[in-house]
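**Student:** Here's the letter readout for the chains.
4 protein chains.
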Amino acid sequence: MGKNRLEAFSDGVLAIIITIMVLELKVPHGAALDALLPLLPVFLSYVLSFVYIGIYWNNHHHLLHTLHRVSGAILWANLHLLFWLSLLPFATGWMGENHFAALPTAIYGLVLLMAALAYLLLQRLIIAAEGEDSVLAQAVGRDWKGKASWLLYVVAVGTASRWTWLSQSLYVLVALLWLIPDRRIERLLQLQAQEIP
Amino acid sequence: MGKNRLEAFSDGVLAIIITIMVLELKVPHGAALDALLPLLPVFLSYVLSFVYIGIYWNNHHHLLHTLHRVSGAILWANLHLLFWLSLLPFATGWMGENHFAALPTAIYGLVLLMAALAYLLLQRLIIAAEGEDSVLAQAVGRDWKGKASWLLYVVAVGTASRWTWLSQSLYVLVALLWLIPDRRIERLLQLQAQEIP
Amino acid sequence: MGKNRLEAFSDGVLAIIITIMVLELKVPHGAALDALLPLLPVFLSYVLSFVYIGIYWNNHHHLLHTLHRVSGAILWANLHLLFWLSLLPFATGWMGENHFAALPTAIYGLVLLMAALAYLLLQRLIIAAEGEDSVLAQAVGRDWKGKASWLLYVVAVGTASRWTWLSQSLYVLVALLWLIPDRRIERLLQLQAQEIP
Amino acid sequence: MGKNRLEAFSDGVLAIIITIMVLELKVPHGAALDALLPLLPVFLSYVLSFVYIGIYWNNHHHLLHTLHRVSGAILWANLHLLFWLSLLPFATGWMGENHFAALPTAIYGLVLLMAALAYLLLQRLIIAAEGEDSVLAQAVGRDWKGKASWLLYVVAVGTASRWTWLSQSLYVLVALLWLIPDRRIERLLQLQAQEIP
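Protein chains in written order, with our numbering: chain C, 1 to 197; chain G, 1 to 197; chain E, 1 to 197; chain Z, 1 to 197.
The set of hints was computed from the structure by calculation and includes no laboratory data. Just so you know, not all the hints are guaranteed correct.
No more than 27 Å apart at the CA atoms, straight line, and that leaves these computed lysine-lysine pairs for DSS-like [said to hold, decoys possible]:
(1) E/LYS26 - C/LYS26
(2) Z/LYS3 - C/LYS3
(3) E/LYS3 - C/LYS3
(4) Z/LYS147 - G/LYS3
(5) C/LYS3 - G/LYS26
(6) C/LYS3 - C/LYS145
(7) Z/LYS145 - E/LYS26
(8) Z/LYS26 - G/LYS26
(9) G/LYS145 - G/LYS3
(10) E/LYS145 - G/LYS3
(11) E/LYS145 - E/LYS3
(12) G/LYS26 - C/LYS26
(13) G/LYS26 - E/LYS26
(14) Z/LYS3 - E/LYS3
(15) Z/LYS145 - Z/LYS26
(16) C/LYS26 - Z/LYS26
With the sequences and hints as input, model every part of the structure.
**Tutor:** So this is what it looks like as structure tokens:
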């Protein structure tokens, strides 16, 4: 299985997920402002999830960038990641429609947590295949961003029933953490290119 | 991030947006003509939005044509453009279902305006990366078409509550303005090719 | 605009159309056979439209095969074709849900007719660009298949109100006519290859 | 018709099918746990179908890997496979919403059976085109996995009305059988590469 087809399929699924989410923004029946206003929470949760899928698309590309050979394990780890991301439209719609209620907020965080763990698993498998001294292994390093994200997701899921606003803030915080694209791999690739004179 | 993957992802999202819009054209329950007729406004707004997405797809290609390297800022500016365009199916459906009522017409124009501003931002970032004397910078020039569009969108949003028919006409006018594909870049590329003897 | 991107975008839209049609096959509420049986007409119309989109996908590829340069006119003629094909899921769902009633059957034929005319227009523009002695022009020749299709569509639309079963049969007949992929272009390309010794 | 375009179109359709299935997971109206629990069967059937589409995507790639020329018959056999797979979201949703009732379970198995037969047909056509001593023919060999799958599907469809749980177990069993990617072709390709010194 060539890397290109894995990338193309993943891109296709991510493009569909990001676009299908907008279908939860159901066209209201009235034409007045008070028909539109109840949609505001759905809209806000759509914005948040759009950013998250954008982040995953971007980082996913960096992750595969250094990959040479797609094994069966990597292929299924990739599908596993897409599976959890495919649940995001559902979690987004449920959270938005219920105006950021406690349980939907916790479920939203759970989906994000599972996607993050699936991403970690994929990363581990690629590093295992490419070697501990590969560009990706060096680039990821101690992966503090990844670790911070899982911790924050766990906290957010745990506090959702009591301080739902805190969970929401943590989701926004993690998104902001990652919004800056992962330049670690790019930087190392440049370093490597410089070292080969 | 290679340019090809950015193009492929954008094309995927645009292809989904343009096709998903047709889902707002809900299958009516009766089989008679009076079951079909109320769908006419939804159909007309679908035609308009189809043309707009076609225009964006076309111009987006010209925009990226001269790009050499995709930075993180360009990547997110591109996602930002796709975000606003992803709201077009919602705005189209709402405007169509309410038979071009005032508020939905204004919201439709607002989405078009935000997409146009997102396109401008992306254009600026690409020119900044490629240099003021790049092919794109020369091709865009004073960008009177872009400026006219924003102005017309603003007027259309402002007049929607009073002269809704005027706003609608302005949306059609802007679409006609752009329907002619942006040959400026193509022409300059040809000039450049001729200059290199 | 490269031919590849036009092909990729068209393929994307066609893939979405062919898959979105299945959404009209709404999941029934009961679990018994009498909940499933009313879906039979929707299923049959889905099969018919699936075959039609398959035919268009296949012939569209042959059409673009000989194309060298994508002009603005060809680009918009292509989008125009995709527009009419994008209405097929709606027409399919309406015809199926109303158990092949007269008006939905006529509308279905109208959409097929418009798509066929859009295909003809695209074919004409490509031949005009490539020249009357191009491979495509020779391959299309008198285009009796295309002409027969339009004629049969027109007859089907006209008779739908009185002999709906005849219209349905004609749609199936035209599909069978085209199900055999258009080997004319392939054959000529082979002839040409043989002539160059 | 190049192999690449056949692959790209199939990948597009499969990516849409896998993502559209999640739309059957309808956002519930309440925000409490008892609004979420009834969705559990829909979720479980979604997981099963996700795995099945993943398996088809993976094996489809191996199948086309050794193909050199796409004939009209292969093209339509491929569309025929996609047709049956496109019915999986419907069958999944119906089975999930009716909590794995007898008839929907049987229909689900019937769709899987038809897809498996379509896959077999495609495999046969490719082997016929490539020759009985081709890599694919040797790789497939006696195809015990394929034969076991059809047998198990037939048993599952037959027993669904009486022992529905058995049918469900068989669907899971077949998925597990195939979850291990088909290394036969890969292995033979490696052997072949070794034989060419």
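**Student:** Against this structure, judge whether each hint is valid.
**Tutor:** Against the structure, the hints:
1. Restraint check for E/LYS26 and C/LYS26: the C-alpha separation of about 18 Å stays at or below 27 Å, so the hint holds.
2. A C-alpha spacing of about 17 Å is found between Z/LYS3 and C/LYS3, which places the hinted pair at or below 27 Å, so the restraint holds.
3. The straight-line distance between the Cα atoms of E/LYS3 and C/LYS3 is roughly 24 Å, inside the 27 Å bound, and the hint therefore holds.
4. Only pairs whose Cα atoms come within 27 Å are accepted, and Z/LYS147 paired with G/LYS3 is rejected, the gap being roughly 45 Å.
5. With a C-alpha separation of about 40 Å, the suggested pairing of C/LYS3 with G/LYS26 is violated against the 27 Å cut-off.
6. Between C/LYS3 and C/LYS145, the direct Cα distance comes to roughly 26 Å. Compliance with the 27 Å bound is thereby established for this hinted pair.
7. Between Z/LYS145 and E/LYS26 the alpha-carbon distance is near 33 Å, which puts this suggested pair outside the 27 Å criterion.
8. In summary, the hint linking Z/LYS26 to G/LYS26 is supported, as the alpha carbons are separated by about 18 Å, within the 27 Å threshold.
9. The straight-line distance between the Cα atoms of G/LYS145 and G/LYS3 is roughly 26 Å, inside the 27 Å bound, and the hint therefore holds.
10. Taking the CA atoms of E/LYS145 and G/LYS3, the gap is about 41 Å. The hint is violated against a cut of 27 Å.
11. Distance check on the hinted pair: E/LYS145 and E/LYS3 sit about 26 Å apart at the alpha-carbon level, within 27 Å; holds.
12. The suggested pairing of G/LYS26 with C/LYS26 holds, with an alpha-carbon distance near 13 Å, which does not exceed 27 Å.
13. Among the hinted pairs, G/LYS26 with E/LYS26 is consistent with the structure: their alpha-carbon atoms are about 13 Å apart, no more than 27 Å.
14. In summary, the hint linking Z/LYS3 to E/LYS3 is supported, as the alpha carbons are separated by about 17 Å, within the 27 Å threshold.
15. Of the pairs offered as hints, the one joining Z/LYS145 and Z/LYS26 is violated, with about 35 Å between alpha carbons and a cut-off of 27 Å exceeded.
16. Proposed proximity of C/LYS26 and Z/LYS26 is supported: the alpha carbons are some 13 Å apart, at most 27 Å.
Of the numbered hints listed earlier, those contradicted by the structure are 4, 5, 7, 10 and 15.
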